[in-house]
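Protein chains: 2
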Amino acid sequence: MATEVRSRVQRRADTVTRLETDVDIWVATAHGDQPHLIPLSFAWDGVRIILATPSGSPTSRNAAASGRIRLALGPPRDVTIFDAATAVVPCAAADADIANAFRRRVDWDPRDEEVEHSFLIATPTTARSWRSVPELTGRTLMREGQWLDA
Amino acid sequence: MATEVRSRVQRRADTVTRLETDVDIWVATAHGDQPHLIPLSFAWDGVRIILATPSGSPTSRNAAASGRIRLALGPPRDVTIFDAATAVVPCAAADADIANAFRRRVDWDPRDEEVEHSFLIATPTTARSWRSVPELTGRTLMREGQWLDA
Numbered sequence: 001m002a003t004e005v006r007s008r009v010q011r012r013a014d015t016v017t018r019l020e021t022d023v024d025i026w027v028a029t030a031h032g033d034q035p036h037l038i039p040l041s042f043a044w045d046g047v048r049i050i051l052a053t054p055s056g057s058p059t060s061r062n063a064a065a066s067g068r069i070r071l072a073l074g075p076p077r078d079v080t081i082f083d084a085a086t087a088v089v090p091c092a093a094a095d096a097d098i099a100n101a102f103r104r105r106v107d108w109d110p111r112d113e114e115v116e117h118s119f120l121i122a123t124p125t126t127a128r129s130w131r132s133v134p135e136l137t138g139r140t141l142m143r144e145g146q147w148l149d150a
Numbered sequence: 151m152a153t154e155v156r157s158r159v160q161r162r163a164d165t166v167t168r169l170e171t172d173v174d175i176w177v178a179t180a181h182g183d184q185p186h187l188i189p190l191s192f193a194w195d196g197v198r199i200i201l202a203t204p205s206g207s208p209t210s211r212n213a214a215a216s217g218r219i220r221l222a223l224g225p226p227r228d229v230t231i232f233d234a235a236t237a238v239v240p241c242a243a244a245d246a247d248i249a250n251a252f253r254r255r256v257d258w259d260p261r262d263e264e265v266e267h268s269f270l271i272a273t274p275t276t277a278r279s280w281r282s283v284p285e286l287t288g289r290t291l292m293r294e295g296q297w298l299d300a
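Listed in order, the protein sequences are those of chains A and B. Per my numbering, the first sequence runs over residues 1 to 150. Per my numbering, the second sequence runs over residues 151 to 300.
No lab work stands behind these hints, which were simulated from the structure alone. Some hints could be false.
[As the list claims (entries may be wrong)] Label pairs and their computed distance ranges (CB to CB):
#1 B/Arg253 to A/Thr17: 34 to 42 Å
#2 B/Pro204 to A/Val23: 47 to 55 Å
#3 A/Val23 to B/Gln296: 44 to 52 Å
#4 A/Asp78 to B/Thr275: 47 to 55 Å
#5 A/Asp97 to B/Ala242: 37 to 45 Å
#6 A/Ala65 to B/Trp258: 33 to 41 Å
#7 A/Thr137 to B/Gly206: 17 to 25 Å
#8 A/Gly145 to B/Ala246: 43 to 51 Å
This structure is a prediction, so every number in the text was calculated from the model and none was measured. Note that the Cβ used here is the ideal one computed from N, Cα and C, for glycine as well.
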């Protein structure tokens, strides 16, 4: 497995499987030159990665100010990394389809929290996936929001 | 395990075990509200986390410009997150003890690479560790570079 070099088609399929089944994702944001990083649970609606965190948290504030986050799915030796354009919406004001998709997947409704939470609605613009050094070649799966053909 | 709430002493011991035995760590940097995040192998000399990556990479450039990185050790449900003051030194110019510690641990000498690499020498200033929501209380293990007492 460690030396197998997957095709782009296989890497995309493996990435989609993780988007459909993994529980947590790494979420990196920035304010100026100050990085922030936490793990969060997520939902995937086929196009967007949906996160929820307190509206006053660094992650929400940074994402709201910049509109950009970076996400890493999987462990370090089987990773897909996304850059994503991100909208931040207070949970109470979010579309029902977003809130329902999140509640179904994560089994938690942030609208019930006493502290206001926001959804981060992240649309990937780039995706790169690799397991090992030989897989660094061919790691780009998505560019400018478009999955690349095989 | 999921509902056990570890003492600070235990979390620090678990963190040190990971620092001494894990292979990879998540490395977040930032430049102008733009987050960057990659996994890298690391060494630990008892005080500093040592990374190596091409000098021209976003991670090296961001860390050199800001002097600050954020690191996450372990999987999302058993994590220690560090903020760290970071020096960036071309590998060829680094002290031998840094280069040797890295080569011994990672089994790779970045001084042998054709593309110039730099060491990121990261001294943690804060450390927070948790496995589950009940563990969010008491997660701070280090503040201003000092491990907290039990």
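Against the structure, the hints:
no., hint, verdict
1, B/Arg253 to A/Thr17: 34 to 42 Å, "36 Å, holds"
2, B/Pro204 to A/Val23: 47 to 55 Å, "33 Å, violated"
3, A/Val23 to B/Gln296: 44 to 52 Å, "34 Å, violated"
4, A/Asp78 to B/Thr275: 47 to 55 Å, "30 Å, violated"
5, A/Asp97 to B/Ala242: 37 to 45 Å, "55 Å, violated"
6, A/Ala65 to B/Trp258: 33 to 41 Å, "38 Å, holds"
7, A/Thr137 to B/Gly206: 17 to 25 Å, "18 Å, holds"
8, A/Gly145 to B/Ala246: 43 to 51 Å, "47 Å, holds"
Taken one by one, the earlier hints fail for this structure at numbers 2, 3, 4 and 5, listed in ascending order.
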